[in-house]
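Sequences listed follow chains A and B, in order. Residue numbers for the first sequence follow my numbering, beginning at 4 and rising by one. Residue numbers for the second sequence follow my numbering, beginning at 7 and rising by one.
Calculated Cβ distances over 12 Å to all of chain B for the following chain A residues:
no.	residue
1	31
2	128
3	250
4	251
To be clear about the criterion: a stretch of chain A counts as covered by chain B if any three or more of its residues have a C-beta under 8 Å from a C-beta of chain B, and this derived list gives those stretches:
no.	segment
5	61-67
6	103-110
Since the hints were made in silico from the structure, they are not lab data. Cβ atoms here follow ideal geometry from the backbone N, Cα and C, with glycine treated the same way.
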Amino acid sequence: MYYGEASGLKLGAAPRDAFGDALKELGASNKLLCTVDADVGNSTRTEVFAKAYPDRAFNVGIAESNMVSVAGGLAACGKIPVVASFACFLMDNAFDQIRMSVAFPRANVKLVGSHTGISIGEDGPSQMGIEDVALACALPGVAVVVPSDAPSTIAATKATVAHDGPTYMRVGRGKLAILYPDGCDFQIGKAIQLRDGKDVTIIANGLMVAAAVDAATALAKDGVNCRVLDMHTVKPLDHEAIAKASRETGAIVVAEEHLHHGALGAAVCQSLCQHAPAPVEVVDLGDQFAESGDPDGLLQKYGLTPEAIVAAARRVIGRKA
Amino acid sequence: MAKLSLDQLKSKANDIRKLIVRITTAAGSGHPSSSLSATDVVTALYFGGFMKYDVKQPSDPSRDRFILSKGHACPVLYSAMEQAGYFTEEQIMSLRKLGSPWEGHPNMRKLPGIEASTGSLGQGLSLGVGHALAAKMDGLDYHTYVMMGDGEMGEGQIWEAIASADKYKLGNLTAIVDQNGFQQTGATRDVLDLTEFQPKFESFGWHVQTINGNDMGEVVEALTNARKVTDRPTAIVSKTKKGYGILPVLETTGDLNYHGKPLSSDLAEKALALLDSNA
Chain A
4 MYYGEASGLK
14 LGAAPRDAFG
24 DALKELGASN
34 KLLCTVDADV
44 GNSTRTEVFA
54 KAYPDRAFNV
64 GIAESNMVSV
74 AGGLAACGKI
84 PVVASFACFL
94 MDNAFDQIRM
104 SVAFPRANVK
114 LVGSHTGISI
124 GEDGPSQMGI
134 EDVALACALP
144 GVAVVVPSDA
154 PSTIAATKAT
164 VAHDGPTYMR
174 VGRGKLAILY
184 PDGCDFQIGK
194 AIQLRDGKDV
204 TIIANGLMVA
214 AAVDAATALA
224 KDGVNCRVLD
234 MHTVKPLDHE
244 AIAKASRETG
254 AIVVAEEHLH
264 HGALGAAVCQ
274 SLCQHAPAPV
284 EVVDLGDQFA
294 ESGDPDGLLQ
304 KYGLTPEAIV
314 AAARRVIGRK
324 A
Chain B
7 MAKLSLDQLK
17 SKANDIRKLI
27 VRITTAAGSG
37 HPSSSLSATD
47 VVTALYFGGF
57 MKYDVKQPSD
67 PSRDRFILSK
77 GHACPVLYSA
87 MEQAGYFTEE
97 QIMSLRKLGS
107 PWEGHPNMRK
117 LPGIEASTGS
127 LGQGLSLGVG
137 HALAAKMDGL
147 DYHTYVMMGD
157 GEMGEGQIWE
167 AIASADKYKL
177 GNLTAIVDQN
187 GFQQTGATRD
197 VLDLTEFQPK
207 FESFGWHVQT
217 INGNDMGEVV
227 EALTNARKVT
237 DRPTAIVSKT
247 KKGYGILPVL
257 ETTGDLNYHG
267 KPLSSDLAEK
277 ALALLDSNA
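Input sequences plus hints: build the corresponding full structure.
Here it is, written out as structure tokens:
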């Protein structure tokens with residue numbers, strides 16, 4: 004079972020694999036590109052780049068703070084360093100370094116967090132990046148991107164590397180359904196409408212986009228017409244697409260594999276309140292750590308499912324004025 | 007880039023110390039004592055022929071770099087750079103004032119010739135490792151100097167950076183520990199006693215020299231030696247006195263740490279008179 008299967012989508016590669024391959028491809032022509040790792044390159048897939056270009060790949064050992072600041076120094080010399088680790092170890096362990104060595108000097112560093120959400124499974128809550136998006140969004144000038152499948156992860160990798168300034172990108176560990184064709188268009192800050200609809204809009208990112216598509220498929224059988232927006236960029240947020248969805252569908256569900264506070268749900272609610280108020284329901288992890296277990300079982304237990312999105316859609320439609 | 011004689015360097019250091027006192031007293035806040043301990047080393051770097059720089063081309067890729075990891079001591083950096091011609095005295099007199107780019111800690115985005123935005127202690131040496139690695143990638147022969155404080159050495163990240171500089175055999179990197187013996191709340195040996203730095207750096211494979219960092223002759227000799235070592239990074243453990251140059255004035259206050267506070271106008275006058283008498 005995988006999200007998107009019920010909607011006829013094929014299973015594709017894991018975002019982290021797409022990221023590693025895209026990085027290697029970019030490295031062939033972009034000689035400024037380099038990687039700084041804290042000894043998890045075989046997990047984040049920066050090792051694909053490192054094997055191709057060993058003279059541009061630095062493994063500083065299990066030392067995330069040093070990793071991030073070394074990247075800040077490389078960026079000050081005109082390099083484009085990609086810094087990848089497990090999302091929680093990158094964003095949490097090295098947050099001050101990201102603040103002072105990257106965000107404050109607007110260093111052109113590309114932060115990449117793997118092992119995001121609870122769907123990493125058996126390794127358990129100490130390894131789950133569930134607050135990374137909130138932390139990244141807290142820092143001025145950092146673009147925050149959460150792609151939803153392999154083709155858009157390749158496109159997002161290219162877009163973040165081309166972006167002038169610091170970025171944070173989430174790349175999930177598991178395989179995801181294919182939503183987009185190879186070579187798909189991807190603009191930072193520009194949501195992608197996957198389905199149009201008039202009754203409710205589901206705004207999702209990452210793994211929850213395919214779940215949103217399944218929810219829309221299920222709701223359509225009952226005559227409920229859903230719009231689905233892939234809000235792959237949490238910051239800068241596509242306020243226009245959100246306001247349009249609010250005006251045209253009058254009800255919003257936000258779905259993300261993240262804690263309740265400070266990420267997509269919070270950003271969408273804030274945007275709606277400021278620009279185009281509408282009732283909102285959120286499907287997220289709430290305010291709790293998860294546990295070890297199989298990925299599917301975890302997603303079920305913690306309510307990150309198409310069924311949860313369907314229920315939220317029915318609730319929010321019921322709240323329409 | 008200037009190369010002054012030993013006597014000229016001493017005189018230049020004295021001028022820089024006077025500027026430090028004046029700009030921090032004018033600002034009404036800041037860290038003059040932390041700046042004064044480091045003045046001789048910073049003076050030698052900018053005026054002793056060690057740093058290759060061009061004020062007119064502050065972003066020249068081949069320039070040597072100086073990263074002040076102990077960013078609170080930026081009055082010494084601003085003052086030395088004023089003497090080098092980056093800034094005017096009028097400009098640095100705006101230190102810490104609203105709208106001034108001469109902020110309370112260095113901001114590389116607001117000023118030319120500032121290599122790093124520092125102020126969260128412990129990050130400068132890692133940034134320096136990044137600069138040194140970039141030099142190797144680009145086949146450039148510039149040198150990167152990083153100055154830390156001895157209290158700052160309590161930050162674990164510095165030891166991560168020390169280990170990585172050894173791994174990559176960064177002979178184009180020199181770290182200077184301005185060991186002035188004090189940190190915010192007291193003597194460094196009382197707050198977190200890291201004992202001697204020399205054997206610690208040596209155990210990580212670095213070339214190390216321990217010197218009296220307020221003796222210009224020793225400073226020049228150590229910086230000269232550092233450039234001769236090209237197969238591994240160099241550390242200079244620079245034993246200094248916090249507030250060096252105006253110690254008799256600080257003694258009258260009963261506070262030899264004098265951390266993070268400017269001199270009153272009255273004390274500044276006495277300090278400047280004392281420094282003038284050295285000239």
